[in-house]
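Numbered according to our numbering, the sequence shown spans residues 92 to 471.
Think of the hints as simulated: they come from the structure by calculation, not from any bench. Among the hints, a few may not be true.
As the list claims (entries may be wrong) - With a cut-off of at most 27 Å between alpha-carbon atoms, the simulated DSSO-like pairs for lysine-lysine come out as follows:
#	residue 1	residue 2
1	K128	K161
2	K434	K446
3	K161	K189
4	K341	K286
5	K418	K341
6	K341	K313
7	K249	K280
8	K280	K313
9	K280	K341
10	K418	K434
To be verified - Distance ranges between label pairs, derived from CB positions:
#	residue 1	residue 2	range
11	E449	G160	45 to 53 Å
12	R211	K426	45 to 53 Å
13	G404	Q146	51 to 59 Å
14	T367	I275	33 to 41 Å
15	S299	E320	16 to 24 Å
16	S299	E157	22 to 30 Å
17	T437	D133	49 to 57 Å
Each residue gets a CB set at the ideal place from its N, CA and C atoms; glycine is no exception.
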Amino acid sequence: MAFIHRIISDAIREAARFYQVIVITGPRQTGKTTLCKELFGDYSYYNFEDLGLRQAVADDPKGFLEGCGKEVILDEIQNIPDLFSYIQLTVDTDSERKFILTGSNNFSLMENITQSLAGRAALYTLLPFSLSELSEAYRDQPTDTLIHNGLFPGVIVKGTPPELFYRNYYSTYVERDVRQIKQITDLPKFQTLMKLVAGRVGSECNSSALANETGVSSPTIKSWLGVMETSYIIFTLPSYHTNISKRLTKTPKVYFTDTGLLCYLLDITTVGQLATHPLRGAIFENMVVVEMLKRRLNQGRGSNLHFYRESSGREVDILQTEADTMKAFEIKSSKTYNRDFQKNLTYLRDMLGDKITEAAVIYDGDSIPPNIYNFRRYPK
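When you get a sec, could you build the whole thing from the sequences and use the hints?
What follows is the structure, encoded as structure tokens:
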């Protein structure tokens with residue numbers, strides 16, 4: 092099976108020149124193990140999903156580290172939290188030791204890294220494939236097919252039917268990962284929340300409204316949304332405001348890290364159903380936004396994406412900030428260009444002036460320059 096080059100590889104290789112510990116996080120089944128073995132093929136490899144190995148290492152972590160080799164990949168390391176402290180001692184006393192750590196439970200992983208490996212590790216997040224990592228022939232499939240299939244390697248590389256892949260992915264996530272992240276006793280209500288959030292994709296999630304619909308408290312809803320975010324099911328987009336405190340307190344918009352899983356949660360089982368679905372525009376927006384997020388993460392950088400909304404309802408979908416400048420984007424699922432697509436961009440540019448270095452529309456039709464891009468080929 093051919094290896095599909097992951098853009099994030101260059102950033103990871105560069106970091107490995109300077110850091111003894113590299114941490115790669117991301118959802119399950121996005122290819123973290125495959126990537127590690129491709130980049131660090133001469134490293135020893137240990138997978139802590141193996142219960143026997145996990146128990147043996149938990150019984151003697153120091154002995155394991157002494158005998159596992161100079162350069163090691165430790166997969167799903169969050170399963171042995173005590174090992175982090177021993178890794179810290181090892182790299183502090185031996186500059187020849189190198190560790191590649193992976194994990195799909197970001198809450199547990201980051202908690203241990205913060206406590207034991209702060210300043211000693213370079214962190215990267217691997218999401219499902221980005222469109223730019225795939226062949227032009229694949230990218231040129233009908234838009235609804237791209238959205239419905241999603242971009243997990245299991246669907247793209249192995250050819251698993253999307254409905255089968257996402258059903259099993261969802262079941263495994265709920266039955267195993269959710270229980271590991273936080274003690275959630277009412278799984279049916281958590282599953283209800285996931286579907287309700289899917290129905291609000293691309294909009295602001297009000298925890299009080301979700302609490303009323305699920306029958307649990309608002310603090311519980313906030314906690315459960317945190318579980319979904321730390322396990323890479325969703326991510327949030329903060330609002331942009333020149334006042335930082337207001338930016339942080341305003342309700343963020345919610346998106347899913349993969350549109351295939353989003354379609355599954357919305358009970359969209361065929362491409363044909365997606366074409367006429369009332370949320371089709373929001374799902375298309377999700378695809379564009381997550382592609383923009385992947386571009387940042389694949390460079391080894393954090394997200395710089397925001398949305399802009401005024402109390403009057405005027406909105407711009409994406410502000411991509413760089414220091415005191417920004418790029419503004421409107422996302423439209425239409426295949427036909429309309430001049431009104433530019434209206435809010437023009438308003439924002441008039442208001443912010445030279446702070447806006449680019450204002451463009453990303454849509455589903457053929458590109459019409461200037462500043463109108465097809466979603467498959469908009470500038471990096």
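For each hint, the structure was consulted:
1. K128 to K161: holds, 16 Å
2. K434 to K446: holds, 18 Å
3. K161 to K189: With Cα atoms ~6 Å apart, K161 and K189 stay inside 27 Å; holds.
4. K341 to K286: holds, 23 Å
5. K418 to K341: holds, 21 Å
6. K341 to K313: Holds, at about 14 Å.
7. K249 to K280: violated, 33 Å
8. K280 to K313: holds, 13 Å
9. K280 to K341: Holds, because 26 Å separates the two Cα atoms, which is no more than 27 Å.
10. K418 to K434: holds, 15 Å
11. E449 to G160: 45 to 53 Å: holds, 48 Å
12. R211 to K426: 45 to 53 Å: The hinted range 45 to 53 Å holds for R211 and K426, with Cβ atoms some 50 Å apart.
13. G404 to Q146: 51 to 59 Å: holds, 57 Å
14. T367 to I275: 33 to 41 Å: With a Cβ separation near 35 Å, T367 and I275 satisfy 33 to 41 Å, so the hint holds.
15. S299 to E320: 16 to 24 Å: holds, 18 Å
16. S299 to E157: 22 to 30 Å: Since the Cβ atoms of S299 and E157 sit about 53 Å apart, the hinted range of 22 to 30 Å is violated.
17. T437 to D133: 49 to 57 Å: holds, 55 Å
Of the numbered hints given earlier, the model fails hints 7, 16; all others are met.
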